[in-house]
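Chemist: Just so you know, the sequences run in chain order Y and R. Quick note on the numbering used here: the first sequence kicks off at 1 and runs consecutively. Quick note on the numbering used here: the second sequence kicks off at 203 and runs consecutively.
Worth flagging that the hints you see were computed from the coordinates, not collected in a lab. Treat each hint with caution, since some may be false.
[As the list claims (entries may be wrong)] With a cut-off of at most 20 angstroms between alpha-carbon atoms, the simulated SDA-like pairs for lysine to any residue come out as follows: (1) Lys26(Y) - His322(R); (2) Lys462(R) - Ser127(Y); (3) Lys402(R) - His322(R); (4) Lys453(R) - Asp90(Y); (5) Lys427(R) - Ser325(R); (6) Lys78(Y) - Asp90(Y); (7) Lys153(Y) - Thr345(R).
[Unchecked claim] Computed footprint of chain Y on chain R, listed as stretches where at least three residues anywhere in the stretch have a Cβ under 8 angstroms from a Cβ of chain Y: (8) 324-332; (9) 384-394; (10) 428-441; (11) 475-485.
Backbone N, C-alpha and C define an ideal beta-carbon position, used for all residues, glycine too.
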Amino acid sequence: MSFGQFEGFFLDTCILLPHPLESMMKACSDFLKEAASQCIISSSIKTEALDLIERSHIVIVLFIHDPLKSYLESKGIKELGNRDGKIIADFFSEQKAQLRKHHYTKSNIQNEILGAIENYVASQLHSLKKGKKLPIGIFLPALAAELAVVKHKMEAPFKGGIRCEEIKPNDSVLSAVVISAIMGNEQRARCPSSCLSLAVPI
Amino acid sequence: MSLSNEKISDNLELVRRSIPFPQRFEYEGDTINKTFKDYKTAIIDTVNVNLKLLDELPPLKTLNIEDVKKRLRKIVEDMLKQDPVFEKSVEIGRYADDIWKYIESYFREIFEYHDSIRKHLDSEIFDVCRMFFNSDLPMLFLTTIEDAILIEKDYLDAYDKLIHKERLKLLLSRNNRKKFKQLCDAHNRWIKPFTERMDKLEQTRTRLFWYTDFNNSATVDEIFKVKSIRSNALDMEIIQGFIDDLRKQVKEMETLIAPKMQFSFFMSYEKNIGARSIRKIMELANVPEG
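Chain Y on its own, in the form it takes in the complex (with noise of 0.2 angstroms):
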């Protein structure tokens, strides 16, 4: 295939990025394993998958950081085992009834964020040794130290491995596109900032 000065398969950041079905995620490895040297990813689509990687993870962090770890103090809890999945689910349910009360939206994204974050906090306790407690003051860092490992594994096929190329779109097919964006769409169509920042009420 050929684009202009460019020649290979230009990959998306869902092919980059983990799948949840297993064969999905083997489809993309087989072919990646297979043409990942003839693969290109634009720099548009690396710099936006970075940077979302970046802001989720920096999401669920900033929330064990304050929310989560001033509860546990604000309750005088020192130290968890994998039975205490109630404290957890006690106080996402708090978070969620704050969410409905002041942030009030058509939309779930928020309890969604808020339920990833939840599914993350909860599976780490649940992994813990059966029997052995650990104080929060060690517990909470882990799972930040954990995620931080998780995120830049999955940055890496961003960072290295494929061809990055920085393409710069003709002036006239970019004012095209402007025009008939602002004619087409009177709402913004993408809003991650807004979604991201009202995930940490803080």
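With chain Y's structure known, arrange chain R on it following the hints.
Modeler: This is chain R only, laid out in the frame that chain Y set:
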């Protein structure tokens, strides 16, 4: 003439004085015994090389072959025992053997050392998270130091992959001094920009951590202890300066390391709950509002 000057005796000395490289000796025990055993084995091997040569001769007409063998064995043995050149060849053989062992040990040590460094870096990530969770520091403080630590791990991975290849080339070229030197020079050339930047990066990271920790310690006994970190004990402009420096150095390192990195693919997030959560939030951030 140098040749005639060197020829002290009138005896014919046309025997093979060396055995081919590489020489492999398996020894146990102390160095003196080992060296002596090396020497004795080398004599036996060299005598055998000469006897084998005798076997390859057409049948002798006048002499009994067994008598010749016996005599030749004695002559070669005596000659070798008095010959400093032969002794030198045994010594060189030992070096050749040692180079192999040294290269093997060197690389084994390097890989083990890197594994320890990786564990150490993991522990540093946890320490900085712990510091952050006991503080009111900005998130950028945490992510910048984490990125600086993780790029060091990437560097170690890339370094290990490359020296795995170099190791094989060095072992195959251990008897070729010129080629061996070329390989070492090539290694030093590619490694130099990495080590220089990595040193700088590690220094900046350490300065940032120390500045934060020391300025939140009332006494010297408190340094490096887990404690509450307050940003009002710090000059945040200085902190920002360190963060900016470190971010710049991480970016430089990423650019430098990118061509050396092999494509690594994150497997299904079903197996990693952290990846699933990040991925989920990424998807939600892309959902149209309304």
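Chemist: State for each hint whether it applies.
Modeler: Okay, the hints, checked on the actual structure:
1. Lys26(Y) - His322(R): Violated, at about 33 angstroms.
2. Lys462(R) - Ser127(Y): Distance of about 35 angstroms is beyond 20 angstroms: violated.
3. Lys402(R) - His322(R): holds, 18 angstroms
4. Lys453(R) - Asp90(Y): violated, 41 angstroms
5. Lys427(R) - Ser325(R): Given that 20 angstroms is the threshold and the Cα spacing comes to 15 angstroms, the pair holds.
6. Lys78(Y) - Asp90(Y): holds, 16 angstroms
7. Lys153(Y) - Thr345(R): Given pair lysine 153(Y), threonine 345(R) holds - Cα atoms ~14 angstroms apart, limit 20 angstroms.
8. 324-332: Per the Cβ count (5), the hint holds.
9. 384-394: As far as the segment 384-394 of chain R goes, the hint is violated, because 0 residues have Cβ atoms under 8 angstroms from chain Y.
10. 428-441: Three-residue rule not met by the segment 428-441 of chain R, so violated; n is 1.
11. 475-485: Coverage by chain Y holds here, the residue count being 10 at a Cβ distance below 8 angstroms.
Consistency note: the structure conflicts with the earlier hints numbered 1, 2, 4, 9 and 10.
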